[in-house]
Amino acid sequence: MIEYIYTKTNLLEKPNKYTYTPYLGVNFINMYFESRLRHIERFKLQEENFFKSKTDLYFCFNSKKQFESALDSVFYQIDKSWRLLIDWEENFTLKDDVPASINDEIKVLTSFSMEEEVNTEELLSSLVFSQLNSGSETLVKEWIDRLVQRFEVTKKLYKVYPPGFCKGVGTGSIRLYWLLALLLSLYYAKTTNIKYLSTLLKVSDLLCSLDDDFLMNDVSLQGLILILSVEFLSVKSLSYNIQGVEVE
Amino acid sequence: MIASDTTRTQYYIKELIRSELLPKYVLLLLNDSEDLLPGQRKNKAGGELMALLDKKNIQYDIAPNNDINSNEVARMILNRPESVFIFSGFGGVLLSNKTLELGKKFLHVHGGYLPEYKGSTTNFYSLINENTMGASSIFLTKEIDCGPILLRKKFLAPEDRTEIDHIHDSKVRSKVLIKTLEKYKKSGRWDVELDDNQGETFYIIHPVLKHLAILGGSAE
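Protein chains in written order, with our numbering: chain A, 1 to 248; chain B, 1 to 220.
Chain A on its own, in the form it takes in the complex:
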């Protein structure tokens, strides 16, 4: 019996290096889809399933618009019925109004420097904000590549990165991983560079490997549902011509 094993153990405690992973045939892809849909359902069922902060609400509401446009231009092979995964009315319950702007809460991207200590949450928020508001593409890519490199090497994100942006310090909150996943899904939808989808899949594995209690303290579950859905649709789009891929 083929299983999707990459979310079975807590990946913060036992990181997976993904070296020389075995080939298990087309059923492995089907097991991945099944596993992700199961996690989406798991998060939908939680009572705490609402946006915890105005920033998260702003990020998700505006990201969704970009994902919808990607569905038309990039992921167009996907059957339209799958669009429901990111349908706002279908999946998201709003307790607050979406803020028109969150400028005051976000540090500008140009204020971060390799020569100074970087607060990871502030950097990630600034990068997501820049992506949503047409920030400098070169600067966004530079910082995303640094974050991807740090995550890929250690399979962790740290609270701060001292000058030089190498070895991080302080345990990072789970929200950092969600922000990285959101950032990567936005960047992949924009560039279709598979490198970022690969890292997104690993960050999503990590988030899905965590217990509900652990997640709910730090992450808006609706935001988690959104990034898992976008990742699911991205993989679905790439596998559209592969025989034997079946998702119900």
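Hints were generated in silico from the structure; no laboratory data involved.
For every residue, glycine included, the Cβ atom is placed at its ideal position computed from N, Cα and C.
A few chain A residues that face chain B, going by a derived Cβ cut-off under 7 Å, partial list only:
(1) Tyr18
(2) Thr19
(3) Leu201
Listed next, the stretches of chain B that the computed footprint assigns to chain A, with coverage defined by at least 3 CB atoms under 8 Å from CB atoms of chain A:
(4) 125-137
(5) 195-202
Computed cross-link-like contacts, DSS-like style, restricted to lysine-lysine with a CA-CA straight-line distance of at most 27 Å:
(6) A:Lys14 with B:Lys42
(7) B:Lys42 with A:Lys17
(8) B:Lys142 with A:Lys17
(9) A:Lys155 with B:Lys142
(10) B:Lys142 with A:Lys156
(11) B:Lys154 with B:Lys186
Use these hints to put chain B onto chain A, whose structure you have.
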């Protein structure tokens, strides 16, 4: 040549023998533990490698440990008269600055078309992106996959993609290795095809995408 007991090394040595480009000397890095190291398909394949080398009277030594960056191995490399070593290490092993500063050159064949595809498992990425595989010969430098490119080549995707890790990746690297050595033999120089380290750095591909790269070429 510095050779770990991996499937890639087996391909290299067989191709070198077939092309009559025998290495003067081979330093073998063998894995004595029960656990496989990255790049190994089976344990303790050193015997097969030694049999190949014995058959062709190629001089070799077995290193006291399998860590190319250890002091013992560094001393052995330093004491050899050769100035250029073909390097075929265990998967993911990087040469330390100390090793790179021994005054020797390390000829490495990267599994991917440089400089576009730097980093790890890049052939799976290029299969998804453009249905090709690649290999590039370089001299190792401190920056990963950024050394001057001696020769690079793209290859069509194999019909059966299920054995890329151990067979096809090794095959395309062996072809580029042989072409590089033939070029050197002809000119007596290590001519550089490209000295440009732009391009994207990739990390170990996620198993879902690895499956898509494999399945993209064949219907099950």
